[in-house]
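Colleague: Chains A and B, in that order, are what the protein sequence lines are.
In terms of the working numbering, the first sequence opens at residue 1 and continues consecutively.
In terms of the working numbering, the second sequence opens at residue 1 and continues consecutively.
Since the hints were made in silico from the structure, they are not lab data.
Here are the computed distance ranges between Cβ atoms for each label pair:
no.	chain 1	residue 1	chain 2	residue 2	range
1	B	SER274	A	ASP192	53 to 61 angstroms
2	B	GLN20	A	GLN458	54 to 62 angstroms
3	A	THR158	B	ASN248	53 to 61 angstroms
4	A	GLY166	B	GLN20	20 to 28 angstroms
5	B	GLN287	A	ASP16	49 to 57 angstroms
6	B	ILE176	A	PRO327	21 to 29 angstroms
7	B	ASP297	A	GLY54	48 to 56 angstroms
8	B	GLN287	A	ASN98	29 to 37 angstroms
9	B	ASN84	A	GLY320	38 to 46 angstroms
10	A	GLY367	B	SER128	23 to 31 angstroms
11	A	THR385	B	LEU267	22 to 30 angstroms
12	B	LEU267	A	PRO240	44 to 52 angstroms
Virtual Cβ for every residue (Gly too), placed ideally from N, Cα, C.
Listed here are the chains, written in short residue letters.
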Amino acid sequence: MSSLFASLSTASNALDVLSEAIGVVQNNVANSSTPGYVTQTLNMTASPFDVTGGLYGGVEASGVASARNIFAEQAVWTANEQAGQSTQEASSLSALQNYFDVSGTSGVPAALSSLYSAFSAWSANPTDSTSRQQVISAATNFAQEVQQTATNVEQLRTQTDTQLSGTVSNINSLTSQIATINGEIQEGDKNDAGVQAQLYNSLEQLSNLVPINVTTASDGTAVVLLGGQSPLVEGNQSNPLQLSYTVPANPTIANATPDAQLLTSGGTDVTALASQGQLGGLLSFRNTTLPSVIGDSSQQGSLNLLAQSVADTVNGLLEGGEVSAGPPAVTGQALFSYSATEPTEAASTLAIDPSITASTLAAISPGPPAVANGVATQLANLSTTPITNLDNLTATDFYSSIASGIGQSESTASANQTTQSQLLSQAQNMRAQVEGVSLNQQATLLMQYQQSYQAAAQLISTVNVTMQSLITVMQDLSS
Amino acid sequence: MLAGLDAFNSTFLVDINNTQNAITRTNQQITSGYRVSVASDAPTDIATILGYQNQASEIGQVQTNLTLANTQATAADTALSSANTLLDQLTSIAAEGASSTTSSTSLTDLSQQVQGIAQQLVDLANTSVQGQYIFGGDDPSTQPYTYDWSASGGVVQNNTASNTDTIQDISGQTTIPRMTAQEIFDAQNSDGTPATGNIFQAVYQLGTALENDDQAGIQAATTAISAASDQLQTATTFYGNVEDWIQNASNTASAALTNVQTEVSNLRDTDVVSAATQLTTEQTALQAAIAAHGSLDVKSLFDYMG
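Using the sequences provided together with the hints, build the complete structure.
Modeller: This is the structure:
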């Protein structure tokens, strides 16, 4: 009789365990598309079974196991960091290269060609007022195109600063979320699949923005380090990042726009740690690519160098020439002006010297021998004359090297973006293989648990019938 | 374990995004006509493309300059030809004046004719093209001479500018493309006195001799006119050489421009046939990918459970 009661008890317990198992399956199915969620499995263990010793076995639920695989997660984070960086670099460089015409039909190269043509036409007709006025017009146009390019690049720097601010804000928001989730974990939700899903979804989003290293503390909370060194999240505390634009001590170029610095809340410079992710791409573009074009505290920038060198070369020739051979000879004057005190503003301030007019352009080379169109011819020949300050390249070739460099970087970044997107997709796919919810598997488990549940229920029914028979026999005997 | 659909869809989206980007790029190349629209399209070709573009612009301007110089040289050649005709007329007049049968009245008429020719020669020395005196040297805006028979030599010189302007071909070779009116019509010694071959002086000498019935003067003027013809021939030869130089420079420039434009086109322009084939291939790949993805049986075992 006691064994029948034990059978009823174990069968009843089995129904409870199988009910839990089916609950786990329904939760898996419900969250099969939830970001960060991984397959949960109810651990079922057999109870001790020794009939002679009075142990009637049965099944017990011994917790829910998560399929979370930290190596698969880390592979996704690493791929995500690189994808974030290359995507950002491709985007920023694409915007930058649009400001550098390579067709030769617009922008700086076309203006430069027009200027050389105007010099050439002037050399063929040095006293012609129309030719002289054309030189003034072409020079004005060149200065405006250089200025416009400098303005566009400067605006891109401002936009990049805005993007940087937004990205840092997103990072701080995510680290704050992670700290909050850590707090929930500390309060006892360590194995809560939903809390874990939120945590890992936040970590994946964060890895797209900055390079992170994640370890799990003994209390189950995630410790997140920036670049493996600087803590972003510890327990339920997050350490927000901030941006700084501080002029370095003893800058090479005073008054230039300083680079962006990434600081911890304590003021430590962690810029070098943010080498990947969207933030890494933005910082690299802001602190390396843009300064190489428009300058910063440590360099003049290639566009400024181009503007200054062309202006200096043209001015030098004109100032060495004569407007009139006289006597007395009237010496020439500068055509271009720019900010001589701010090397990083040479392009943005390039303009026509306000005092020059068409009639004061110096065409005459004093020689000896004097040549009436000597200076004009030398100016026309600038199109093929290397300029020392421009790495011994012509102005057109130097401009080409700027555009080519940006184009090469953009091409590399775009190729990286394609590759990294595929690698990220592969890493996510691999992770899904390891820890994702398979509906087929869950359906199989559901059928399995359903059949077990039906069998256990049937067992209870059978024991019940048996016990009824036994009770009936005993009633008959007593009567 | 089977992967979830999310990861599968993610891979599909990455791949299809790449294909669509390729289609956009190819389509842009076809519609714009340019294979290289931005620097990243062909970073290593940028310097060459812009270099050629700059070269094309430079050659174009040199061609314009040569055209202007040629216009002036042609005008000069025409003027010199006219001057030569006038000198022939002067030679005839001198011969007629030297004849013993010519009356003093006729000599006066002949002198008047000579003065008329002198005025025409001054007009030729003042020939202008597009508002510029082609024999004005470095000061083409100032008329070189004014006719004034009462002045010494019958003319007044307004412009003493030298002639140093040069024109340049595409290789940077230069030449002086013109002579001054003084060099052609008013050859002078270093002390400023008329030199042998001075046309104005020869004409003035003849006119004066005819006016004065000075047979010796007429003979001397005839000799001077002959020397003036030689001087004119020298100038004509000079301009012939200039026109040849310009023609050669123009031919070289035209050939170079064609080459440069061809090179630019080869580097920058879209090979439409190749691009169209590429576009078709990419579109087919995209359609196939979408169709394949759409036809996937996304059912799970749950769909078969009763």
